[in-house]
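**Q** Next come the chains, spelled out residue by residue.
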Amino acid sequence: MTAVDNTQTSSSSRRTIELVVLVGLVTAFGIISALVRFPLEEGEKLRDVIGIIIGAGLTFIFYSFLYRDNPLFKIAENLYVGVALGYGAIITWRQSLRPEVYDPLFRAVTSEAFWHELSYRVVPIVLGILLMTRLSKKHSWLSRYSYGLMVGWGAGMGIFVVTDSYILKQLEGAIRPLQKIVTDPDVAANLSFFDQAWPVVGSLVILIGTVSVLFYFFFSVPHKRLGSGFSRVGISYLMIAFGASFGYTVMGRMSLLIGRVQFLMFEWLKIKQ
Amino acid sequence: MWYKRTIPLVIVFVIGVLAFAHNYVPYPEADDFREHMTKWFMIIGGFGLFLGAYSLLHMHVSRIRRMQPGWAYSAFVFIGAAGMIIVGLWNDGYGPLESAPSTAKTWFDWGFDYVQIPCSATIFSILAFFMASAAFRTFRARNVNAALLLVAALLVMFGRVPASESVGAWFGQQGFFPKIADLIMEFPNLAATRGILLGMSLGAISQSLRILFGIERSYMGVGD
Amino acid sequence: MATPQEQIKRMTIIRHIIYALVAAAVVLPYIVKMDMPFSASKWSKKMYEAIDKLEPGSRVLLSFDYDPAAEAELYPMSMALLRHCFKKDLIPIVMTHWPDGVGMCKKACEEAAAESPKLWGKEKISGRDFALLGFRVGGADLILNMGENLKGAFTKDFYDEPTAGMAALEGVDSLRDIDMAVDLAAGIHVQVWIAYGHDRFDFPLGAGTTAVIAPKLYPFLQTDQLVGFLGGLRGAADYELMLEQSGKATQGMQAQSVTHVLLIVMIVVANARFIVNRLRGKQEA
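Protein chains in written order, with the UniProt record's numbering: chain A, 1 to 273; chain B, 1 to 224; chain C, 1 to 285.
Heads up, some of the hints might be wrong.
Claimed, not checked - Quick list of the computed label-pair ranges, beta carbon to beta carbon:
no. : chain 1 : residue 1 : chain 2 : residue 2 : range
1   : A       : Glu18     : B       : Tyr94     : 45 to 53 Å
2   : A       : Val20     : C       : Glu6      : 24 to 32 Å
3   : C       : Arg10     : A       : Val20     : 34 to 42 Å
4   : C       : Lys122    : A       : Ile75     : 58 to 66 Å
5   : C       : Pro162    : A       : Phe194    : 40 to 48 Å
6   : B       : Ala146    : A       : Phe193    : 36 to 44 Å
7   : B       : Ser218    : A       : Val20     : 47 to 55 Å
What the hints assert, rightly or not - Under the rule of at most 30 Å between Cα atoms (straight-line distance), these lysine-lysine pairs were calculated in the DSS-like manner:
no. : chain 1 : residue 1 : chain 2 : residue 2
8   : A       : Lys272    : A       : Lys74
9   : C       : Lys33     : A       : Lys169
10  : C       : Lys45     : C       : Lys87
11  : B       : Lys105    : C       : Lys151
12  : A       : Lys45     : C       : Lys122
13  : B       : Lys179    : C       : Lys33
14  : C       : Lys151    : C       : Lys53
Think of the hints as simulated: they come from the structure by calculation, not from any bench.
Predicted, not measured: the structure shown is a model, and the values here were computed from it.
Note that CB positions come from ideal geometry on N, CA and C, so glycine has one too.
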């Protein structure tokens, strides 16, 4: 036998083993679900129990990706995209277009109320419909009126809000060392040296960090001597912050996994904690 | 042509200036203007969401039509979407124009609870495995900066779980590790995050000005 | 020297071993009973105290800006906040900026209201004891609109009941009339609430976020733009601890400990091997 034949044989035997394992796992899942979830307990509804079993099945299908990409995973992935899309479309109708467009116009009690609502809403409705022209190559320019209005408003409002909330208020926070120095002698007398010094030192640490990070970002000229040292301080601050973010990201991802395990154990298998 | 390019640019500039300037007008008319404009955007945005949903479906239609690799799976997007839209419109007999009573759990809710939640939650939880694997294989203290990153990550990871308090308690300092994690978060992390925030904010303002003055026009899309 | 195929095979095996270890670390605490007590962190305490000191009848706006992907972290937080409100007879006003967040709002409100008679001996009715406003498109524009006319932004609640005349919203005409707001977010919405809500209409704002977002909020805590915050599952567990209501977050803390310790050990071992190899002058395999 040649090397190619050997590879083909081992690949097909591996596929057979995988298929047998898959059938075994699906059977085991069915048997466990049937044994644990049936007969129904008092107060349980059949459709909820079936829902939990489907949810558990989908959970396992997604985890099968950890072994290898497979058709079941792809089916579940696409189904999920579709369900999310359908859910979003219905919610947009129920929670946005129906209360904002349909109800005020088509459920207006009097014709006076209808005309009042129409005069108030006609411009945004027309602009909303114009958005849809983006789907047409020929008429997509019409959507620019709607986008122009939204983008212009966002940009103008953004300049004001960002300056106030993210720049001025944050700069105020960065220069707080000066505010933290206790100038009242009566108050100062009751504080230890550490109590007086700590907030100031802490705030200076923050101030130096913020300025050095900004220095590293903005002064793209070659950093020499003092500038280079200060820029390196900024990098160190950034590294510690990225490390902290990594630590928190691990925490977040593990929490999601814990959530799924809790679902499988407490809801599917009904294990009491 | 002027009505295709110039008018949108004028709209952007005028509405942008009004959006900025009305904040400095101390009369109730300025608040009324803001209320009206924001209400408009809430209505326009509803149409925008439909546009997004349509674009996604269109992408899958193209994939099926061109028989791109994996095209058959796109059919399940339509099955999922059609299923949810049908049960959503049917609304357990209440129809698309009425709300089901608060006590009712409809098939639409069922689809959300037992299909969307498990899928969405699981697909993101898979990242926990990838992250663990990647950290084991690539997270190395190759130089001083990488070592800083690594040590900060380990201290925060440990300081944020109850195990750290149990270990601290063995030495009579239950709050030691959480305190270290707090110090990292409240000083170097805060300083660096603020630096990034200030940098991003200045960038956002310059981008907004570019939009208002018609230098940045990507929102116009392609074509003349 | 291993061939590339052998190296790939080896890496695949290592990867699968790591996956198995992580899975075992998450499941283990539910099989072997572990007891690792913990105390609430500083910012969680501040958040709890800010809500706890509100007078009965105060309106607390809860914006659940997350989808099912963040359910594991933020749903326990939502439940803990709603339980706290119901326990203290505060009136939660629940909304979301995410279409997919509607299901989470509805589920949390209905579950918290259903368990309230058993937990606190108080019946909670939609429209009277809480308001489920649901979703509207708009993001920052929605917040600005609510700041001028809250009942105009939400003319009807989730169940299609008109908000004008709703007992739970009596006296609440705009965001200025809110006693406190809390944003539970899986994205950038906390920053949006700060800039377009808190800083414009002046109400106390707290936040609860996924762990991934949490580090980005510290600058806003120092400037008092946030009164407190809950970070990830640990933040939710802190809140459950203070509320003395053990829930999914508290149950998850032991598993969180084991997985973190496992990952720390893995990283330390890999780095120790790396350093030893470097000292011996070898390249890492």
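**Q** Could you work out which of the previously given hints the structure breaks and list their numbers from low to high?
**A** As far as the earlier hints go, 3, 4, 5, 8, 9 are violated by this structure, in ascending order.
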